[in-house]
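Residue numbers (our numbering), protein chains in the order written: chain E, 1198 to 1487; chain W, -8 to 193.
Derived by calculation from the structure, the hints in this document are not laboratory data.
Among the hints, a few may not be true.
Said to hold, decoys possible - Stretch by stretch, here's where chain W covers chain E in the computed footprint (C-beta under 8 Å, at least three residues):
1) 1210 to 1221
2) 1240 to 1248
3) 1462 to 1474
Nothing here was measured: the structure is a model prediction, and the numbers come from that model.
Cβ coordinates follow ideal geometry from the N, Cα and C atoms, glycine included.
These are the residues of each chain, in order.
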Amino acid sequence: MTTNLTPRDWEALSAYLDGQLAPKEQQLLEARMRSRADLRAAMEELRRTRAVLRAHLEVRAPRNFTLTPEMAGVRPRSRPTVAFFPALRLTSAISSLLFVLVALSELLIGGRLALPMAAGEPQREAMSEAAPQEPVLEPSAAPAMAVEAPAAEEVEATPQPVAKAVEAPTPSLGLELAQPIVIETETVELPPFAGGMGGGDGADETQLDEEALSQMAPIATATPLPTLTFTPQPSPSPTVMEQPTAPAPDRARFARFPEWTVLRWVEITLAIVGLSTGLLAIILHRRGRS
Amino acid sequence: MDEAALISDARQGDLNAFNRLILAYQDLVYAQAYRMMGEPEAAEDATQEAFISAFRSIRSYRGGSFRAWLLRIVTNACYDELRRRKRRPTTPLEPMDAEDEEIESPHWLADPSESPEDRTERLELDQAIQNCLEDLPPDFRSVVVLVDIQGFDYIEAAEVIKKPVGTVKSRLSRARLRLRDCLQGWWELIPAQFRLVNEGKP
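So here's chain E without its partners, still in its complex pose (with noise of 0.2 Å):
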């Protein structure tokens, strides 16, 4: 019955029923159906046809298909990382221990350190007490010091700064100082000496020097170095200054100060190191677990 029609009418037939035919061309097929049988008996055969295919049993998948790296040809992304996580872990651990060592043990050289110390304080104090009652100078000795008469002629003779260097101690001076120490007094500017050059008696001379000692006492106290203090003995050349004594105390400071930034810089750098390789650690097994 069916075997009348052409391939466009089969096309035509196949399309209306997907309604897929355009307003026009449906409606002229519609009006062809009307008129023809064998148009609406291929129509029913292409319904039944189209039903048992959509009414076929559903296919599913008989198992997952999901890709393995090796099967995608991808490398995983994390095992680079998360083969350092280990080597992290123990440099933090180790960083860490290492910080505390070194921790501890400055606290506790710093405590034998400090008692020597807080103990050597009042010694000093109790020295720098006694100095003026000891006669730390001899008056002989008085004249060998770097003070004396010609250096005041040059005094007079022009105001220069006076820049002097003295050691001490010597053994002439009868100073028991474990160590060397070298005092540097201040630039000192001098007002010009009204008296004559190298003229004049003993009692010009002595004025003279209690004037400028009274001119260079507030420099000499100005300096904070405070143990040693020479004060004016009645000699014949009375040219006493009072000189600003070694800093003991400030020389062992100092040369604890070394050690004391090394350690510091230690402990910074454990703890620097422990803190980031750690952090970097949980950073990379966090990644690892995702």
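Given chain E's structure and the hints, the job is docking chain W onto it.
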């Protein structure tokens, strides 16, 4: 996560994202392969090969229907296999049961809720339809599977086969005509609701 985000991640090489897409589309892709190949094992091979090929070439995906893009890959894989078989004809092996008897339909097609009689009729109808599909040329077969079994519209089917919509329309009508002729002898297997079709508008 939506499909666009998964596709974007997969384009960056994220295999987990692509595997989630596989889980969403593996039934569709496998059904296409099975209807094209007619054998479960060959359909599995084609499906797996299609997904591997899709992952490796996902950078070439330029938008549009992702399922159409996937089905084009698996359809092409089936074409290749069918051409290869045409050059080297082989006898397909049916699945064997415990008594070394051939299994006409694999166990995963079984529906435990149906009676043995219904299951037999259904399997016979399924096999009849599959045989008729296999008698079609691959180009016709792919279109009728896409439209009448997978439910694609003409435009999406045209996207899968990379042909104009007119070609889809033409191939579909000719495929339906051939299937009608093939299924003439199997009408007694068709359920009654499909036989009692009223005439009229679609």
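Outcome of the hint check:
no. : hint         : in the structure
1   : 1210 to 1221 : holds (count 8)
2   : 1240 to 1248 : holds (count 9)
3   : 1462 to 1474 : violated (count 0)
Violation of the numbered hints given earlier is confined to hint 3; every other hint is satisfied by the structure.
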